[in-house]
Structure formats: structure tokens, C-alpha cells
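Chemist: If you read the protein sequences in the order shown, they are chains A and B. Residue numbers for the first sequence follow numbering that gives the first Met the number 0, so the first one is 0 and each next one is one higher. Residue numbers for the second sequence follow numbering that gives the first Met the number 0, so the first one is 0 and each next one is one higher.
It is worth saying that the hints were derived from the structure and are not from the lab. Idealized CB from N, CA, C, for every residue including glycine. Each hint should be verified, as a subset may be incorrect.
Covered stretches of chain A, as calculated for chain B (at least 3 residues, CB under 8 angstroms) [claimed, not checked]:
(1) 34-45
(2) 89-100
(3) 103-112
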Amino acid sequence: MRNIDFIHQRWFRVLQHLVFWTASFLVLLRIFRSGPEIHEVDVLYTALFHVFLVPPVYLNLRSFVHQLQKKWGWVLYVLKLALVIALFSWLNLMFFQDWSAALFPGHYFISYYTWVELALFIFIYVALTTLIKGTRSWFTVTRLRAEMEEMEKEKVQMELSALKSQVNPHFLFNTLNGIYSMTLAQDGRLPSTVLQLSDLMRYFLYEAGDEWVPLEKEVSLLKNYIALQKIRLGDHLSVNLELPENLNGQRIAPLLLITFVENAFKHGDKQRKKGNFLEMKLETQGGGLDFRIANYKGKVDETGEEKYGGIGLENVKRRLALLYPGKHSLAVKEDDQRFYVELKLYEA
Amino acid sequence: MKKIILAVAMVVTITSCTASLYPIVEETNVVYAREILGKWKDDGTVFQVEQYLASKNRSVPFGESDSLLNPVTAEQRRANIFMGKSYLVTFTENGIKQVYEARMTRIGKWLFAEFMPYKIDLDEDPFGNYETGYSFARVEYNSNKIQLYFLNGDKIKSLVTSGKLKISYEYERLFDNFLITADTNEMRAFLEKYGGDAGLFNQQDVVTLTRQE
């Protein structure tokens, strides 16, 4: 886009006008010549003829044509245009048929066209230049629209990046809390836990920055996260995962599902001994997927009172709206005992 | 290029006249003056001016007899009326009898006449045929005198070729033939504007006819 910016600069617009009128002059000179050769009087006549063409054209382009934007403005536009065309046709006629003898003694020319023909001449020029201006405006509008779309896209990208950057510290904060607890307890599983966290960090830093990631990696993230949480909270925590074995190379926006799992651990009944603390099921259908997760309510394990979902869920909703517009559904339900979330992503 | 070999008699008789491909007189603007009719004299030459349809040389253009089987159309009637407002000018010069068809019209504040060769008695016509052209003159007349200011052909040609005058023309350099090809409207507009221009109309070579009888 940048390499054609000169077309909007003033000097280029002036050049366009000069080229147009030069072309007009040469074409009319050829039309107006009296015989097989072009003489001085033909050049003079053609130049003077343009004196009565240029004003109506620029009056129309600079002043009249803008009135078309107003409601009923075309009525005034037509009236003004007709008046100007009539006036300059008459001036042309009178100049060449009468006044020129006094202004250019020694040169003999007349008005070679009738008043109606001259009016038609001017009308054609006005119509042609209006058409050119319209075409130019159309290109300008198209360019501006493309630029706006590009800016909108960049804005969305920036917004998505900002949203993702809010996910990372949220998750890391929770995980580091878990590692901190293990360190205090001098848990022997700490090295493997740190290794798992390292894998997670690699994913966050190098792969989750992409716009789309393999669903397989996202599922792997969920498994690692749950494993880390189980280490932190104890083996008594029963989690039921139903994940498809073959994900068929399906792709998904990164860090989309982890938010729901995070919330489940944050708000879930982690002391529950009976039954599953958390149930999660992922199904793929063609290019779409159906993700469901439910957990029993429990005590929130972070400081501060925060409603289920909070910032994390709002981020997910915003990202879904930007990345899957009209191609997703998200249901978040809550009763006395449990939270339930169902996310459906439809095939594009 | 159009064949522009012009009427020889025209050149012989009226020096420096300009030939035009198109006339300046039409049915709607032809002017007829009965007082022009008769015999006129310029030096030793006698000019016989007759109404076209009354002359012996006439050839009525369309349907002389209006019969049921061959009725004269409205267009033919108009043409006949037009010819009825035309003149035939006959004179003999240097032993050559020349006949011109002539008409008058008013353009602006002037009266103009157009002349076109009608019949020229030449023993030999080296070209087999020739294309006749119209010559124009500004006319001033009273009951005893007619003055014809012919359009100065040399001046017109000079102005056109030097780029000072803009009018449709064709110029054949080999025989130095110059022909005005402006249509009737353009020619009338030109004469309306420059009809009084002393440079374009012969002032010295004005043809002055005096009534003979």
C-alpha cells in the first residue's frame, strides 16, 4: 500500500489534471482542424475553446457535485449544472461569433457549433470528469475500507494477545502456588513436577503464541495441568477424563480450554473423597468439537472473593467472539452443588 | 481527396473569386428581387439577368406537368419555387458564352449572391468533366446600379495557408487548387461575421453593373 501512496499526493493530482487537459487539447485540436494540416489558428481556437470548457468542469467537481450527498440535493444540482452549461455555451457562441474579432484582430474564426451542440459538448466533459472523479473516489473508499479492515484486524490481534497474556499469569500463579506447597513439604515428586511445569512453560512461551495450535497439544496441556494439580492436592482427587484418542490433526485457538479446567480446580470441592471431583469429556465431530466439564462446588483456594469464572471466563468469551464469530456456543450453568460448562465449536 | 478541378470559366471571368463546395442559399432564406432582372453592362460586356424559370435555358428540375399519373410532390414544388427565385445570368466574353445560375440571400445586415456555372460553351473540355463550385459576392444595388464585392480568393487562401483563418477547406498543391468545403451553416456564419471585412472582399476589383435598358 505504501509504495502507491504518491497517488494521493497533491503534485500527482495536479499532474493528473494536466495530463487530462493536455490529452483533451490534442484530441480536440485534431477534431477542430480545418484542413489536412494543423495551423496556428487551429491551435488558438482549440485553446480558446477550452477557456469555456474548464470552468463548468471545475465548478461541477468542486462545488456542485457535493450537493448530491444531500437529500433532494440532486434537484439543485441539476438546476445549477444546467444554468452553468447554458451560460458557458452562450459565452462560447458569442465569443467566437462576435467578440473574438475585436480581441484577436488578424485571426479569423467563427463559432462552428450551434448553441445546443456547445451545450452537449460541455455536458459530455462534465459527465466524463464526474465519472472519473467518481471512479477515483470509489478507489479511495475501497482503499480506506481495506485500511480500516486491516486496522481492525490488527486491533483484534492486539486484543487477543492481551487476553492470552492474562491467561498465562493466572495459570502460572496457581501452579507456582502448588510447587511452593510441595517445596515446603519436601515432596520427592518435585523434580518431575518442575519438569512438567517446564513443558507447560515451553508451550506457553513458544507455541501458544500462534493463532492456532494442534488440538492434541492443547489436550496435552490439560493433562499436564491436571497432573500438576493432583500432585499438589493429593492422589485422593478423582478426575474422570474422556478424551478421544485420534484428534485427526484438528486445530484450535491456544489456551481456550485450560481456563475451564483452571476454574474447576479453583472453585471445586478438592476435599471430596466420594465420587469424582471433576469430570471432563471432549468429543470431536468433523472439524468441530464438543467440550463438557463439570465439578462439585467447594472452597475457593485463592485469596479474595471471586465469582466463578471471573476474569478468566470473560477472557474466554471475548476470545471466542473474536476467533469463532457465529461458530460457537458456550453454556455455563451453576446449581447448589455443581458447576457445568459446555463449549461447542462448529466446523468452519 | 475530392476532385476539385474548378470551373474554368469562373476563373476567366471573375478573377480572385473563391469556389465553395456548398451553397449559402437555401429554400428557407432565398431572396428574390424583381428589379435585378434585365440587361446590365460592365465595360463592354452585357449581362442578361433572367428569372430562371422564365429563361429559355431553364430546365425545371421536377415534374413540369402535374398529372394524375405523375403528380408533383411537395418536395418538388418547393424545389420549383426555389428555382423560381433563382436567376440565370448570361454573358459573352472573349467569344465564350457563359451562363451562371445565381441566387441571393440576406445574411446579417448584408445581401449576398452566389453564382454557379450553369452552362459553358467550350469547344474542348480537356478534363472531360469538372466539378462546379459556388462563388460568393456581397451585393449592393439600386434600380440603376449593381455592385458585386466578390470574396477575395487569393486573400482567403493566403490567410488559410498561413494559419490566420479557420474554415474547412481542401488544397491540392499540384495544380494549386483551393476549395472551401465549409457547409452552408458554417459559410453563412462566416459571412455573417466577416461580411463587412474590407480585406476579405475585393474593394478594387468590385464589379459594377449599370442598367443598359
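Chemist: Three residues minimum, CB to CB under 8 angstroms: does the segment 34-45 of chain A make the cut for coverage by chain B? Let me know.
Modeler: holds (count 7)
Chemist: Do three or more residues of the segment 89-100 of chain A come closer than 8 angstroms to chain B, measuring C-beta to C-beta?
Modeler: Satisfied; 3 residues make the cut.
Chemist: Apply the coverage criterion to the segment 103-112 of chain A and chain B: a residue qualifies when its Cβ sits closer than 8 angstroms to a Cβ of the chain, and three qualifying residues are needed.
Modeler: holds (count 7)
When the structure is compared with the earlier hints, no violation turns up for any of them.
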